[in-house]
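Chemist: So you can see what is in the structure, the chains are spelled out below.
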Amino acid sequence: MPQLDNLESVNLILAAEDCGPEEFARLHRFSPNDQRVINKLVAHGPVLLQGGRGSGKSALMIAASQQLAPFVPSAVVFGVYLSLRHLPLLRTSGKEYEEIFCTLVSNQILSLLRDTPVQFEPAHDVASLQYAIASLSRDLGKRIVLLFDDAAHIGREASLGDFFDIFRTLSSSTVSCKATIYPGVTNFGTRFDVYNDATVVEIVREEEQAGFDGLFTDVMSARFPAMLGREVASPLKIDRVAGFLGQSVLGNMRGFIFACNEIVEGPPDRSIGFSTLGETLLRLATNYYWPLLEEVSPKLGKYIPMVDPAKQIAEAILRECGAKNSGRRSALVHREIMSRMPKPFEILEYAGFIAKRESSRALKSGGRGSRFAINLCLLLEHVPGARLTSDLFEKWRDEKEEPVEFHVRGSQLAGISAPQPLENADLEILNEPVDRLYKSRAYPYGLTDRMIGILKADGRVTVGDLSRATDEELDRLDYVGEATIRRMRSVVGQAVWM
Amino acid sequence: MFGPFLGRSLLEVAFTAILGRLDPFRVVILREMQLRPDYTPERRSQASIQWTGDIHAEKKVDDLWRADRSVKDMTRALFGDYYEQIFWRGAFQRLVDSVPEDRGGEWMRELRRITPEGILPRLRLESARIYSACSKGVHHEFLIPPSNFYDATTLLKDATELVARVALVANASKDMLFQLPSQEAIECFERLQV
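Chains H and G, in that order, give the protein sequences.
Oh and the first sequence: position 480 is 480 in my numbering, straight run, nothing missing.
Oh and the second sequence: position 107 is 605 in my numbering, straight run, nothing missing.
Everything labelled a hint here was simulated from the structure, so no lab data went into it.
None of these values were measured; they are calculated from a predicted model.
C-beta atoms are modelled at their ideal positions from N, C-alpha and C, and glycine is treated no differently.
Heads up, some of the hints might be wrong.
[Said to hold, decoys possible] What the simulated footprint calls covered on chain G by chain H, stretch by stretch (three residues with Cβ under 8 Å from a Cβ of chain H suffice, anywhere in the stretch; the number is not a length):
| # | segment |
| --- | --- |
| 1 | 586–598 |
| 2 | 612–622 |
[To be verified] With beta-carbon atoms standing in for the labels, derived distance ranges:
| # | chain 1 | residue 1 | chain 2 | residue 2 | range |
| --- | --- | --- | --- | --- | --- |
| 3 | G | L504 | H | A127 | 36 to 44 Å |
| 4 | G | P619 | H | P433 | 43 to 51 Å |
| 5 | G | E599 | H | G415 | 39 to 47 Å |
| 6 | H | K324 | G | Q548 | 24 to 32 Å |
| 7 | G | V692 | H | D426 | 50 to 58 Å |
| 8 | H | V118 | G | D566 | 58 to 66 Å |
| 9 | G | E540 | H | D193 | 38 to 46 Å |
| 10 | H | R191 | G | D561 | 17 to 25 Å |
[Said to hold, decoys possible] Cut-off 25 Å, straight-line C-alpha distance, at most; resulting in silico cross-link-like pairs (DMTMM-like, lysine to aspartate or glutamate):
| # | chain 1 | residue 1 | chain 2 | residue 2 |
| --- | --- | --- | --- | --- |
| 11 | H | K395 | G | E599 |
| 12 | H | K40 | G | E615 |
| 13 | H | K364 | G | D595 |
| 14 | H | K40 | G | E608 |
| 15 | H | K400 | G | E540 |
| 16 | H | K395 | G | D600 |
| 17 | H | K324 | H | E402 |
| 18 | G | K557 | H | D165 |
| 19 | H | K237 | H | E265 |
| 20 | H | K364 | G | D560 |
| 21 | H | K400 | G | E615 |
| 22 | G | K557 | H | D197 |
| 23 | H | K356 | G | E615 |
| 24 | G | K558 | H | D193 |
Put together the whole structure using the sequences plus the hints.
Modeler: Here's what the structure looks like:
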């Protein structure tokens, strides 16, 4: 049967969980601060790993699991990494959620123990799972670390309470639970106290951190080696270019990879100078960041109405910061504004528009607020002339500056209000037509016309239909083989999951 | 092997020192009792500094400022609910306002991302975790190698980092006796991170 597999090639590998172990080691690099985070994931104690989209949560979790048994057989800790991207988990709650969850964990543990003589009794409820994991710890003579990825989805908060109940129950003196969350996850159910039941570890990459430029130069070298051979216009050097791109996207790995890809896809003999960098930032703003808000919207469940105020907030902040002194890089927002509209700000943090640097800082005219760094791709759009000059580059790289303050009254944020969340909202993305997954800037893993045509002919007309199809059902379709199924799963994963 | 002992000693000594600077009566009275001729180390002293009671409160207090609550029912534990309100939040706010943006290293950047309301719950959780882990090594609770449960080197590093952060926050309060000058405190803090 002819295969679509070889007709398209995807050059971008964005999701860590899509990499095999060798490819993971080849493509991923970690800063000294990232290593500290990995150490906390390996150590005893409950941890919630918080980061925006594309910040590297999965990569850090996988890196942690690769320091543990069975990956390293002699390690004194046994690690179980499990991505919870399973649609049934999103659609269930209570006992049903618990059963599916426990089955997934059991199956993962069994697969990790496949080549060992150690026995594990699969469990279908939390009490049995707790007992089985404790027995496993005893039999192995090792502590257990459970690394749960993609557990949280704010489009479906009912399952959040179920997950965090289980998280709390499974945590013990021999079992540590770790889970990824992102800004916007604030509902942990009634039994889980985020202040007392876990340590929240944030993924933060700031240009002031030691090794920041070096990290992004290493990632560029690993993923885009051809860039290191490109001519760099004086006075720039490649490590400054890498560091600047990393700073522009607020240290976000996915944003950085997109930025490098933009440059690589341009004329290969063009030197990398200020105009190349400026154009790259502007293209990222237009083709990635602003469309991201549209992409995220149908996943937000009852918080869909928060996207419009999020856009208004972004535009107000960018206008104000862009106009002042040719682009000031940070904004200090009064806490009353934040408390009026927490979700829109969390959406902007999740999408990489802003990154919180300080939670409580005094404003000059009184009161306190949070300081955010601003994505330079978006800021450049609002700088007069929208051009990256050498002066602007040096200013953004090296100058210390005061943040632009947004007060309760008189600021451009004063007139924006957040609507109420929707009642009884479902995950809209599942009802969207499958055409939504067309290959695009938003979905680089996206489907081709032919793939979409094949799916529709088979009666799979919505994203939900595709997500519910089994691998066997998809394999029976003409021109669909293993690689195409992987690609379909990948794009559905990107579309449905946060 | 000595990691848990050192870690626990570090926590106990450091937090006792900080408690003494906030509540000198508590520590001075213990010193006086130890100077009495009838004091003997072989007998447990009720006045000794206890982790639960003096550092961590025995229980959470609801409705802190109820008019009919007597002073003896107001916990004076270092990480208790009353000191959280009257001391730690204000100290933390003074700290983040006074330290220049480019000082304090990565640990200070992490502190800046915590809210004043969140600082003490965070310190409580970490101190409880590290103390408990160290205690298991001290009391020889493990019937399998302790290294299966933790890396003593990391535990000691965690204890050091925690003590440094607690000390830096406490030092920022005007209510703290024998404060280090702010510049000197920050320099110590930065040196520990190297």
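Chemist: Could you work out which earlier hints the structure fails to respect and list their numbers in ascending sequence?
Modeler: Structure breaks hints 5, 6, 15, 20, 21.
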